[in-house]
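Full structure from sequences and hints, please.
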Amino acid sequence: MSGSGAALEVGLRGAVGKLRIEAAFEARPGETTAVFGPSGSGKTTVLRAVAGLTRLSGRLALGPATWQDDRRGVFLPAYRRRIGFAFQEPALFDHLSVEGNLRYAERRSGEPEGDPPVSFVEVVERLELGQHLERVPRGLSGGERQRVSLARALLARPAALLLDEPLSGLHRTARAAILPWLRALGEASGKVTLYVSHDLGEVVDVAHRIAPIANGSVTGAAAAAEALDRLPAGELLSRFEAGSVLTATVRAGLPALGLSELDLGGQRLRVPGAGRPAGTEARLRVRARDVALATEAPTAISIRNVLRGSVIEVRDLPETPFAEVAVGFADQRLVARITRDAASELGLEAGREVFALLKTVSFDDA
Amino acid sequence: MNAETIWPPIRLTLELAGVTTVFLLLLGTPIAWWLARTRFRFKEAVAALVALPLVLPPTVLGFYLLIALGPDGPGGFVARLFGGRSLAFSFPGLVIGSIIYSLPFTVQPIRSAFEAVGDRPLEAAATLRASPWDAFWSVAVPLARPGLIAGAVLGFAHTVGEFGVILMIGGNIPGATRVLSIAIYDHVELMEWGTAHLLSGSLLAFSFVVVALTLSLQKKMGGRDR
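Quick note, the sequences are listed as chains A and B, same order.
Numbered according to this note's numbering, the first sequence terminates at residue 366, and the numbering increases by one at each position without gaps.
Numbered according to this note's numbering, the second sequence terminates at residue 226, and the numbering increases by one at each position without gaps.
Some hints here could point you the wrong way.
[What the hints assert, rightly or not] Cβ-to-Cβ under 7 Å is the rule here; a few derived chain A residues that face chain B:
| no. | residue |
| --- | --- |
| 1 | 83 |
| 2 | 184 |
| 3 | 185 |
[Unchecked claim] To give an idea of the chain A side of the interface with chain B (calculated C-beta under 10 Å), a few residues:
| no. | residue |
| --- | --- |
| 4 | 48 |
| 5 | 52 |
| 6 | 53 |
| 7 | 55 |
| 8 | 82 |
| 9 | 96 |
| 10 | 153 |
For the record, the hints were derived by calculation from the structure and aren't laboratory data.
No residue lacks a Cβ here, since even glycine has one placed at the ideal position from N, Cα and C.
And the structure:
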């Protein structure tokens, strides 16, 4: 992570249609901050306001550069902000070829400010646009258009990269190839990346930090794992899939069983899907409702993955019969959703040793 | 029928239509852009003003222009700056009249084309650090090109065919204001059917080509939206 970048401070409020927007968070340089929430929650509006395409009131600054400050009467128009923007519906220039679209951005990107600029060749290669350069946008598929749009945003050499569900039209495998690269690119260049999405899998793959948004309100970003633990309860539970992300090391593949064996802080896990090289790191996703808890080591049960840890906290979910229990293993944490009744019967409280039974674990990029 | 009576009106007509078209584009494009982009509440009133010559009898328009261009109008004031007395019955007067008369034919297709471009490409250009001026030339104009061509062609053709306004403000001065349509009228008056046939037939063919060209351009422009 180069220290050259500047943080993006967002402090905006206003109304768009019936939705009241309140956005107060910081996005750090070199990190990808996901603005994560259901559709209609105001994600796109917040992103457009950061870009200067929609006007809200308040203050907005990228490091020393003030983009908007209503008290001082400052409002920088979009074309004077060092941004790259990928719209959800790619807004490609139909009168230019794919290459023409990319060069349009490159020509106006200005001098690189010390950052290692991402090269035209690398962007084209990573987004697999090589054989499409001569084509016109109208002939491209939805996924191809989104890749061109993302490439164009990157070639603008932004200090803040603003992405609005940029990969929604791509297949999961294609996404899984692009997201880690995007994440690494942000780390290497020290730029701010804001990634708007309603797709939990995508967010987990790309985000260092997550700023949850609901009903127009986004009031802070937290480290990804922590934010996922704290996803809002109640009505939102049905739309968000509360869950945890674990990082484990592949020990061996078990092709005969179609499983991989992984090591998580000295404990073993078996996860469906073989063929991962031993020694590599894998991100695993576990939904909170797929985790059961026991206070004694269970025997003779079908669940293969049992992790031993200790309770970090028990949080009741208001207006539901459920509670979320955060369990820690070494430096990682896992959230289980169980009934409040069960939590009290088991006497769960912080510090208590428990066994987490993982009914379903999946590779996050599977 | 001889070359000296046939060619001067044709040359004058092409000159008038050419000069008028240049001014139509210079004037009509910003008006069309403004009408396509503004949220000004009374913009349709402005649009109606521009479109007025579509429905106004040319003689009415010509009458007011005659007054405006004459010695007592603003046209006369301008003419005096250049040592003249009046803009009526002069080539510059014809150009001014033609611009006003043909403006809706240029503005309408250009406005439609700008509206079809929409906000999105311009927003995308802004996020790529193109200033509004840059985005206008590098995105809006190329995307609206079929509309701009249609506007230019229609403005040119309409100027070639005008009669009433020119008769009112230009009279019938050979070599100065005697354009094709008026020449045809004269030939008919003088029972010179052969010349009238030749000129009318040429205008007919010219008009057909223009209309066919415009339609095919607009079809192409319509295909852009798909």
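Right, here's what the structure says about each hint:
The interface hint given for residue 83 of chain A holds, since its Cβ lies 6 Å from the closest Cβ of chain B, which is under the 7 Å cut-off. About 23 Å separates the beta-carbon of residue 184 of chain A from the nearest beta-carbon of chain B, more than 7 Å, and the hint is not met. Annotation: interface hint on residue 185 of chain A violated; nearest CB of chain B at approximately 18 Å, more than 7 Å. Because the beta carbon of residue 48 of chain A sits about 8 Å from the nearest beta carbon in chain B, less than 10 Å, this interface hint is met.
Given the 10 Å rule on beta carbons, the hint for residue 52 of chain A holds: about 8 Å separates it from the nearest Cβ of chain B. Given the 10 Å rule on beta carbons, the hint for residue 53 of chain A holds: about 5 Å separates it from the nearest Cβ of chain B. Because the smallest distance between the Cβ of residue 55 of chain A and any Cβ of chain B comes to about 13 Å, over 10 Å, the interface hint for this residue is violated. Proximity of residue 82 of chain A to chain B holds as hinted, the smallest CB-CB distance being about 8 Å (cut-off 10 Å).
Hint status for residue 96 of chain A: holds, given a least beta-carbon distance of 8 Å to chain B, under 10 Å. Restraint check, residue 153 of chain A versus chain B: the minimum CB separation of about 7 Å is within 10 Å; hint holds.
Hints 2, 3 and 7, counting from the list given before, are not met by this structure.
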